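Chemist: Chain by chain, the residues:
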Amino acid sequence: MIIELGHFALILALSVALVQMLLPAWGARVGDARLMAVAPPAALAQLTLLAFAFLALTHAFITSDFSVEVVWANSHTAKPLIYKFSGVWGNHEGSMLLWVLILALFGAAVALFGSNLPDTVRANVLAVQAAIAVAFLVFIVFASSPFDRIPPQPEGRGLNPILQDPALAFHPPFLYGGYVGLSMAFSFAIAALIEGRTDAAWARWVRPWTLAAWMLLTLGIAMGSWWAYYELGWGGWWFWDPVENASFMPWLAATALLHSALVMEKREALKVWTILLAILAFSLSLIGTFLVRSGILTSVHAFAVDPRRGIFILAILTLLIGGALALYAWRAPQLRQGGLFAPISREGSLVLNNVLLTVACATVFIGTLYPLALEAITGAKISVGPPYFNLTFGPLMVPLLLAMPLGPLLAWKRGDLLGAAQRLAAGVGLALLAMLATLVLEWRGPWLAPFGIALGAWVIAGPLCEWGTRVKLLAADRGEVVRRAFGLPRSAYGGMLAHAGLGLTVIGIVATSAWREEQVVILRQGERAAIAGYELSFRGVAPRQGPNYQEVVGLMVVTRDGSPVTELAPSKRTFETPRQTTTEAGIHVGWRGDLYVVLGDEQVAGGWVVRLYFNPLVRLIWLGAIVMALGGLLSLSDRRLRIGVPRRARRAIPQAAE
Amino acid sequence: MRHLLASPRALLLGPRQGPGRRRRLWTAACRRLGAAARLCLLFIVLAVPRAAAVEPDEMLADPALEARARSISQELRCLVCQNQSIDDSNAALARDLRLIVRERLRAGDSDQAVLAFVEARYGEFALLRPKLNAHTLLLWLAPLLLLVAAAAGVIRRTRAAGHAPAKAAAEPLSSAEQQRLAELIKRGRDAAN
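Chains F and S are the protein sequences, given in the same order. To convert, count from 1 in the first sequence and add 1385; that's our numbering. To convert, count from 1 in the second sequence and add 17; that's our numbering.
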């Protein structure tokens, strides 16, 4: 019964979305306030209905109602509760429902908090949001309903064991939050094109939504990477897998959008470009959804293979992206460009940021889709793997990272490169010091690595120097410094934190790529192995029974210079339904890096294959991502974004340019 | 953890007791771990996705040669897998390819020769680093072309914009504009005080 109610709520949500799409847009066109006023309550109604539908499905999963096809195909009574819960979106149908639920959540947020928007803008934004919802709801209702019934089954088929993991349980909601959050930038861009008007206020409305989406995307991607690291069994954290690329491309576009919207907000420049970027960022999200959901690329995430649905999503894609770009081509020339600036200026540096990020994003796009296009056109099959991306994406990031500390120190309109460089003298010193320290510590290492570490240190030093400059660390007395430090807006701190976070990630990436150690050995009970200063003694294996799996656990006692460090228990799990094995690495986190132990196969001649890895500073990769997201959060809490007006300067002293 | 393992005695009497004794203990442990042993068999049959795959019995004795084999393995695609190199995959085919790579290396082939050998047998699809040819020219040139195009676009825009302000700055303000400017400055001062 609850399932039928959920199904009914879903269909009702589709009708509400249709109303929300048509009436407010028409109202905005003819200037009818009553028609425009339909939008906010419709958005709230849509959220309520979708939330109900989602809860109905969740109820079916938690109570293991195997008369529902999706539940039967993806759940099992013996599965721990948390995975029954996360199983709701661990399958195609449920994850699409989550997608539209998050979309409705963002729409409702505009309805509730968008009272400072002009009526026509709000009406148009909500209408565009509703149009996206209609497209996806039609898809769900007619092509992938999660509420289909089957004759009741005694037991379900279980969730893919690889997905039964805490990090992966919450990876999709974050990722979808990011994907769908970019729909806000998209809707605002379309509204701006319909109105034929954009200004600084537009950028100020768009920025917090983009920032929120960007944060969620950052965390979602980091979570996925972390999961891959500890679950896939060999400590790799990024594979340039098409599905990873599908989430990475919107992130790159959103990062570019954040920066170009900054220019638009402060200087009214780059208007047309920012609108295009807003459209592209969400288009890439849609393409990402398409790539994952259609199964056009068979990859690790292949739990979503179904070509018939792919064609449906492709149609949605063409309609939304094509429509948006056509509207852009038609209306954009009418938008007035404003805000002039010299090449060496804050704007100039942000343009450089946008050029490099966009080209990097396009490179990932081409690398991901080239094999598909080539095969479709010529029939030739090629592979584009990690070597290609490392060779092309890497070099594009180097100038970006080099310029990162400089940008924020340049003034708007016309900057002083020499002055900025002087203020970064300490940063240069820090970077050189880092390089020297690296050379001393790891003199045998790859020759490129010290430069990489220096680059990371440089990116971290940038915000420190920026802070020092803005609080007049060296020029003013202590009271003045403290007052200035408290006076800096949170968005400034947010930006600095985000930049520093990227520096951490860079150091993590460089260190773990350059100095990773690896050993594959056969160990019999009682035998020892050594890696990176650790001594491991293998104490044998034992079986263990989990809630819905059996595992073989190996015990390794780890010592360092004779003193005990820890005990690791890498294991191999075998799940009953579906029958599949996973490896669980034993990981010891030290300040130098991770000791990572994987239990391999038992050998016929006796003993077990044990893989030992030492991944230096690998945690910095994800720590950096968390710091970046925190920076975003801090920036989001800034009064200027929250309320839409900057704080009045408490005194009339000229503030350093932001 | 420890209580899960065989017996404390087996733990204490480790491998130093001589090979015969060790084997006996090991068989005893294995018998006790009957279920585990059956599982072991299962593990050999079922491939674990994405576990680093090179097995000790495949590895070459010469560490320099083995290191070359590993780096070549990362350039080759496991043809039956989804986006995995043969270095990552433990599918049977990947293992065969790893053995072929090592065999060629032992025969004295250069890295390029090994890659060419595999390509000749399995096609271009096996190479994770696409070769530069007519098919892939656009792929390899794309980043550079895009960068040049973007730079050209930016330069053209700034040039076009650069002419406009010079004209605007050259024109003096009209008297009405000057009056409004003075008003704004005065208002700004009042607000600041």
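Because the hints were derived from the structure by calculation, they are not lab data. Treat the hints with care, as some may be off.
Said to hold, decoys possible - Each computed DSS-like pair below joins lysine-lysine, with the alpha-carbon atoms no more than 25 angstroms apart:
{"no.": "1", "chain 1": "F", "residue 1": "Lys1651", "chain 2": "F", "residue 2": "Lys1857"}
{"no.": "2", "chain 1": "F", "residue 1": "Lys1766", "chain 2": "F", "residue 2": "Lys1857"}
{"no.": "3", "chain 1": "F", "residue 1": "Lys1766", "chain 2": "F", "residue 2": "Lys1651"}
{"no.": "4", "chain 1": "S", "residue 1": "Lys148", "chain 2": "F", "residue 2": "Lys1651"}
{"no.": "5", "chain 1": "F", "residue 1": "Lys1766", "chain 2": "S", "residue 2": "Lys148"}
All figures in this text were calculated on a predicted structure; none of them were measured in a lab.
Chemist: Which of the numbered hints are not met once you compare them with the structure shown?
Modeler: Per hint list: 2, 3 and 4 violated.
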